[in-house]
Amino acid sequence: MNRNVLEFERPIMELEQKIEEMRKYADSLDISNEINKLEKKVNELRSSVYKNLTRWQIVQIARHPERPYSLDYIYLMTNNFIEMHGDRNFKDDKAVVGGFAYLDEKPVMIIGQQKGRDTKSNIYRNFGMMNPDGYRKALRLMKLAEKFNRPVITLIDTPGANPGIDAEERGQAEAIARNIQEMTRLKVPIIVCIIGEGASGGAFGIGVGDKVLMLEYCWYSVISPESCSSILFRSWEYKEQAAEALKLTAPDLIEHKIIDRIIEEPEGGAHRNHKEAAASLKQAILEELKSLEKIDPDKFLDLRIKKYGSMGYWEG
Amino acid sequence: MAWFKRTKENITTDSQDKKDIGEGMWIKCPNCGEMMHKTQWENNLFVCIKCDHHFRIGSKEYFDIVFDKGTFKEFDKKVTSVDVLEFADTKKYSDRIVETTKKTGLYDCIRNGTGKIFEIPAVVSCMDFTFIGGSMGAVLGEKIARAVNKAVKTKSPYIIISKSGGARMQEAAIALMQLAKTSAMLAKLAEYKLPYISVITDPTTGGSSASFSMLGDVNIAEPEALIGFAGPRVIKQATGKDLPPGFQRSDFVLEHGFLDLVVHRKDLKEKLFYLIKFMKD
Ligand SMILES: [Zn+2]
Chain A
1 MNRNVLEFER PIMELEQKIE EMRKYADSLD ISNEINKLEK KVNELRSSVY KNLTRWQIVQ
61 IARHPERPYS LDYIYLMTNN FIEMHGDRNF KDDKAVVGGF AYLDEKPVMI IGQQKGRDTK
121 SNIYRNFGMM NPDGYRKALR LMKLAEKFNR PVITLIDTPG ANPGIDAEER GQAEAIARNI
181 QEMTRLKVPI IVCIIGEGAS GGAFGIGVGD KVLMLEYCWY SVISPESCSS ILFRSWEYKE
241 QAAEALKLTA PDLIEHKIID RIIEEPEGGA HRNHKEAAAS LKQAILEELK SLEKIDPDKF
301 LDLRIKKYGS MGYWEG
Chain B
1 MAWFKRTKEN ITTDSQDKKD IGEGMWIKCP NCGEMMHKTQ WENNLFVCIK CDHHFRIGSK
61 EYFDIVFDKG TFKEFDKKVT SVDVLEFADT KKYSDRIVET TKKTGLYDCI RNGTGKIFEI
121 PAVVSCMDFT FIGGSMGAVL GEKIARAVNK AVKTKSPYII ISKSGGARMQ EAAIALMQLA
181 KTSAMLAKLA EYKLPYISVI TDPTTGGSSA SFSMLGDVNI AEPEALIGFA GPRVIKQATG
241 KDLPPGFQRS DFVLEHGFLD LVVHRKDLKE KLFYLIKFMK D
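Chains as they are written, first to last, in the numbering used here: chain A, 1 to 316; chain B, 1 to 281.
The hints are simulated quantities; they were obtained by calculation from the structure and are not laboratory data.
Predicted model, so just to flag it, every value in this text is computed and none were measured.
Below, computed lysine-lysine pairings styled on DSS-like, alpha-carbon distance capped at 25 Å:
{"id": "1", "chain 1": "A", "residue 1": "Lys299", "chain 2": "B", "residue 2": "Lys150"}
{"id": "2", "chain 1": "B", "residue 1": "Lys150", "chain 2": "A", "residue 2": "Lys306"}
{"id": "3", "chain 1": "B", "residue 1": "Lys188", "chain 2": "A", "residue 2": "Lys143"}
{"id": "4", "chain 1": "A", "residue 1": "Lys306", "chain 2": "B", "residue 2": "Lys188"}
{"id": "5", "chain 1": "B", "residue 1": "Lys236", "chain 2": "A", "residue 2": "Lys91"}
{"id": "6", "chain 1": "A", "residue 1": "Lys239", "chain 2": "B", "residue 2": "Lys91"}
{"id": "7", "chain 1": "A", "residue 1": "Lys94", "chain 2": "B", "residue 2": "Lys241"}
{"id": "8", "chain 1": "A", "residue 1": "Lys239", "chain 2": "B", "residue 2": "Lys92"}
{"id": "9", "chain 1": "A", "residue 1": "Lys187", "chain 2": "B", "residue 2": "Lys188"}
{"id": "10", "chain 1": "B", "residue 1": "Lys155", "chain 2": "A", "residue 2": "Lys306"}
{"id": "11", "chain 1": "B", "residue 1": "Lys236", "chain 2": "A", "residue 2": "Lys94"}
{"id": "12", "chain 1": "B", "residue 1": "Lys92", "chain 2": "A", "residue 2": "Lys257"}
{"id": "13", "chain 1": "B", "residue 1": "Lys193", "chain 2": "A", "residue 2": "Lys143"}
Simulated coverage check for chain B against chain A, where a stretch passes if three residues somewhere in it have a Cβ under 8 Å from a Cβ of chain A:
{"id": "14", "segment": "76-88"}
{"id": "15", "segment": "222-233"}
Partner residues aside, some chain A positions facing chain B, computed with beta carbon under 7 Å:
{"id": "16", "residue": "Pro163"}
{"id": "17", "residue": "Glu168"}
{"id": "18", "residue": "Gly171"}
{"id": "19", "residue": "Gly201"}
{"id": "20", "residue": "Val222"}
{"id": "21", "residue": "Cys228"}
{"id": "22", "residue": "Tyr308"}
Where is the CB? At the ideal position from N, CA and C, for every residue including glycine.
Isolated chain B, as found in the complex (with noise of 0.2 Å):
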């Protein structure tokens, strides 16, 4: 098993360069009240010293985690929204997109990458809720488009990470119809033969977990994280009953049948790596 080996390694390696106690950043686990230092919980991929609760992280740290150091190579970053509906709620949406890039540094809400897993090469899209929710509009649709289409062309498998609140209101039936397009594109991947991860994380619902979220080969989910169509709140607002416990986290949806495995973010490269060897090698 020298492949996981060399890379635990890795991960160690990367994490203790960064140490520095000096820093005085301290983080305070919302689960459990555990107060940690910025570094020690770096270190731990953003999940809890105590409890395990996973931090809701970015791409930037998935892509660190799922890739071999150096590996990650971005494609398509500029594919930016046009608002052709002219869309205004309390503020424009033209203006919504210019101000979240400037204050995230994102284009929209997913981003694609090429990079190895333990020397595998592979193509993952990952969300960012950062960015208006992580609400999937027409830039979301177009990324998975090409992402799959660089999967077809390397042959690779394919990861879709995803984190988000549905579909982008302020694109309206055209953000609806990405669930097609989503949907559609993965269809095209299977005639390949080529793998389709779909790693779900806190929160996945609507519009994304309508579509590609649901449609791995595997689905895996982070622990704890929301999962489901309807929002918690809506159902119980239109059901005016009370939610059991657990519901929608990610052990209720796995009990109920729509998830493979339930990962801890520990565990996901090795894991990832592992099925894709298995679907792919």
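Only chain A is shown next, with the shape it has when bound in the complex (with noise of 0.2 Å):
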């Protein structure tokens, strides 16, 4: 039995087991048929369960700790890699990995936050949760990447930026804000990819850029619904209601013009299949380079600071 299925995953997990059980007999008794019917019903109740999420159960499924991480995606999706380190500063901050790559035949630039798979490698990785020292590689990157330049790629998957003393020490608010103000005006297309959690500036550190891209079932904010919670609704038990409240999921954001374009899952989330999650993505974001090339050098760059001057409503 899996430990990581997620409540609303259980009944059709259920199911799952019971024809994979089924299977096994298939050779002597002839049960064919239902099989066929099981396996319909077990497609059914899929979609079903999966078109009618909450917004609270895709910010499950985005924490989901079988989920594809970024360096699962780096090495699905490019070829070549080859990691770089460090801030040239303090040290080299392990929740944040990068460095260079090709999509295919395409050099790239390959920046992302990376989470552990258990208890010693999350350790390793503070839970992806980066520290100045983080978001400085990040940005000497960056700028090795417009040196040379190589479009820029990010993929987003925090739980937010590391709130610790030495981390304050260091200047989180700085390295952050200033890795918001380069990203609004470096000199190479970017790529911004959202693959899992993506809580607040801790996110937007590496999150500027001329195209966001989405997965189906990730969650993007200014805050988790739990720290919302607890301030607006003054108790950690209305996280449901707060997420609600956040419009947090990609179809909320795509309507608000935060993020550019949604990428589809596999069927049960990209938990479900890695390969075909990775793939999906570097099809998009083949595309959208494709696309970003055709406009003038000159001109992508006022589109950037364009877009995100126009974000917002207001009246006056």
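Using the hints, put the two standalone chains together into the complex.
Dropping the structure here:
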């Protein structure tokens, strides 16, 4: 039995296991009809569950411990990846990875927030929570890409910037601010991909780009539903309501032009099929790169700034 | 140093006009417990006469402090939020805005003004913590954008006086995007070689500190201001550690290299003047 089954996945999983069991006897008994029936049933169940996910359920999928993480995508999408390390100032932040890679024939700088799979690797990766050194490492790599005229791809998957004493001492706020400002004027195309959790300034510190892509079952907002619940609803109990209020899913965000494109995930979520998820993301990135290359290099910076300048609503 | 002397007199005269001992309002310093008469306190620019504790004040007071008397002109005053997300927590966001405006007389947490600082024209944006905790949403982004445009158009230096709890949760991801909008506008200002001075006051955390507040050509803070990305309560909860004394306060941030100066409120205007004069005159 898989430990990492979400509550709403359970009835689907149970049916799938039943089919699996029956298949063992399919050679000796003629039960193919029943198997077919059950398969139809599980498909219907799966699509009805996934069509009607609440925003909180999507948050749970985005955090699924078997979801592909940045390095999974990097190895599945690119070749000849050479990982680079360090901010040339203080240290190498393991919560963010990055380096040279090729998407098919296309050289890119790819940078992503990296979570761990188990306790040990999560401690090593600090749960994907970057320190100032991580933002400065990412900026160093982006500047390197700019120097050699390579597009930048960033992968976002973080529960937030590291809330630590040392992080504050080394200027977490300044590091994020600097990255955001530099990314608004970096002279190469930037494609941002939200692949899991996109929490607040910690995510946005590598999140400014010409095109923002988001996988289907991710969340992206100014705060996590839990923290929002504790602050605005004055209790940790209202995370479901907070998730609804924050409108933090891909369809919500595309409506307000905060993201540009939704990438469909394999049936049941990216964690069910890493390869397929990576292939869809890769194809989308390549398409976006192609269309960005058509824009006059002097123009896309203006377009990027205009895009962020028009985000939001006001009167007067 | 004629410019300086003249306005110093201005400040004194202005304060003495207000003197009215019979008014009978007393203010207690939350830091040292000193009792001050309200007029005495106002004349001291809302700073404790005994321990120098800087009380939190609003945009009206800061505009009075930094601009020459009679030169302040507000612009783009009535830019207001539109609640497209139809956000509701314990209260509807749209109601919260209307109520806060009614209570404070403010339209959002930031006001834009032009005026003169010892006769040098400047554009100043100043935040109000009393408006939903000085939280940054689309109105703040738009008002900073317009203030930068005004500074570019009039070739003026630009100053933001920050006082903010962070991004406005009720505007969710839209609020987050304002970090890019404000930072991009400040980059535009820099292209015109116009000075940007960030004045950070108590408290400035979250989205504001992770964008415009930390991006000054010069970063200034008032004494003892809380300045950081994550709030101290969050850090304590996350790390389970006791926070070192003075953690995230102005001197701490100065010591770690993220501020140029910590300036007493009574010296703020003079310091701004000298900084602008060096960078632009
Ligand atoms: Zn005192």
